[in-house]
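Asker: Take the sequences, apply the hints, and build the full model.
In terms of this note's numbering, the sequence shown is residues 22 to 206.
Rather than coming from a laboratory, the hints here were simulated on the basis of the structure.
Source: prediction; values computed, not measured.
Certain hints may be false.
Claimed, not checked - Simulated pairs of lysine-lysine, DSS-like, Cα-Cα distance not exceeding 30 Å:
id : residue 1 : residue 2
1  : K80       : K67
2  : K80       : K92
3  : K92       : K114
4  : K50       : K67
5  : K92       : K61
6  : K139      : K114
7  : K50       : K114
8  : K61       : K80
9  : K50       : K92
10 : K67       : K92
11 : K114      : K67
12 : K50       : K80
13 : K50       : K61
Said to hold, decoys possible - Taking CB as the label site, the calculated pair distances span:
id : residue 1 : residue 2 : range
14 : P90       : A64       : 16 to 26 Å
15 : I174      : L143      : 45 to 55 Å
16 : Q105      : L65       : 19 to 29 Å
17 : A141      : K114      : 49 to 59 Å
18 : V77       : E135      : 49 to 59 Å
19 : V110      : A58       : 23 to 33 Å
20 : T127      : A70       : 49 to 59 Å
21 : L65       : I103      : 21 to 31 Å
22 : M68       : P104      : 19 to 29 Å
Where a beta carbon is used, it is the ideal one built from N, C-alpha and C, also for glycine.
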Amino acid sequence: MRQALFLVTGLFVLLPLPGIAETLYVTDKLQIAMRAAPGKEAALLKMVASGTALEVLEKEGSQMRVRDPEKSEGWVDAGYLIPQLSTRVQMEKMQAQLQQAQAALTQETAKTKELTDKLAQLPGNPPSDSMPTPKEAATAPPVENYFNIGWLIFSFAMLIVGFFAGIQWIRQAYRRRMGGMYLRI
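Answerer: Right under this line is the structure:
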């Protein structure tokens with residue numbers, strides 16, 4: 022009876038229970054309070070979002086008097102301020118730069134195609150169909166990709182010759198040690 026109870030208890034412990042495991046993420050959108058004076062008891066002027074550039078005017082203990090881009094001045098807790106941009110803001114800037122670079126690449130690709138077409142129309146030039154595009158050239162298979170069976174046979178032959186030469190070397194070493202006596206190994 023006890024074994025059955027332990028078995029049932031063990032099964033319940035080992036079975037995953039649905040609904041218990043839920044994945045949540047911490048938000049990086051932080052807002053800090055800008056107050057009229059140092060301390061948490063002072064009147065709240067406004068909430069400042071994370072990523073906002075603040076100019077430090079004065080420091081008093083763990084509080085700093087700051088000015089935001091809208092020229093509002095107030096006191097904030099210095100523990101919430103860091104000297105570099107937050108990761109979220111940096112990522113947003115990088116994504117904007119990536120989109121600009123992709124747009125520029127698209128424009129340059131269109132210009133390149135236009136110039137290639139113009140070049141193909143000149144007399145004495147091959148048609149543009151015979152020239153691979155940069156994308157085709159990058160994905161083309163290598164020109165020389167042959168497997169040479171002769172080198173494979175040669176390498177196996179050298180391996181076998183080395184193996185038997187090693188056996189002979191060991192036999193000779195034993196003969197010298199034993200004074201000319203032959204031992205089978």
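Asker: Mind checking the hinted window 21 to 31 Å against the Cβ distance between L65 and I103?
Answerer: holds, 22 Å
Asker: Given the proposed pairing of K80 with K67, does the C-alpha separation stay at or below 30 Å?
Answerer: Holds, at about 19 Å.
Asker: Measuring from beta carbon to beta carbon, are P90 and A64 in 16 to 26 Å?
Answerer: Cβ of P90 to Cβ of A64: about 21 Å, so the range 16 to 26 Å holds.
Asker: With the threshold set at 30 Å, check whether the alpha-carbon distance from K67 to K92 stays at or below it.
Answerer: holds, 12 Å
Asker: Holds or violated: 49 to 59 Å for the Cβ distance of T127 and A70?
Answerer: Once the Cβ atoms are compared, 33 Å apart, the range 49 to 59 Å for A70 and T127 is violated.
Asker: CB of A141 to CB of K114, is that within 49 to 59 Å?
Answerer: violated, 41 Å
Asker: For the pair supplied as a hint, K114 and K67, is the alpha-carbon distance within the 30 Å limit?
Answerer: Since the Cα atoms of K114 and K67 sit roughly 25 Å apart, the hinted pair holds (cutoff 30 Å).
Asker: Check the following: the C-beta atoms of V110 and A58 are separated by a distance inside 23 to 33 Å.
Answerer: Check passed, 29 Å falls within 23 to 33 Å.
Asker: Is the hinted pair K80 and K92 satisfied, with a Cα-Cα distance of at most 30 Å?
Answerer: Given that 30 Å is the threshold and the Cα spacing comes to 18 Å, the pair holds.
Asker: Taking the beta carbons of V77 and E135, is their distance inside 49 to 59 Å?
Answerer: holds, 53 Å
Asker: Given the hint of 45 to 55 Å, is the C-beta distance from I174 to L143 inside that range or not?
Answerer: holds, 53 Å
Asker: Go ahead and decide if the range 19 to 29 Å is satisfied by the Cβ distance of M68 to P104.
Answerer: holds, 22 Å
Of the hints listed earlier, those the structure fails to meet are numbers 6, 17 and 20, in rising order.
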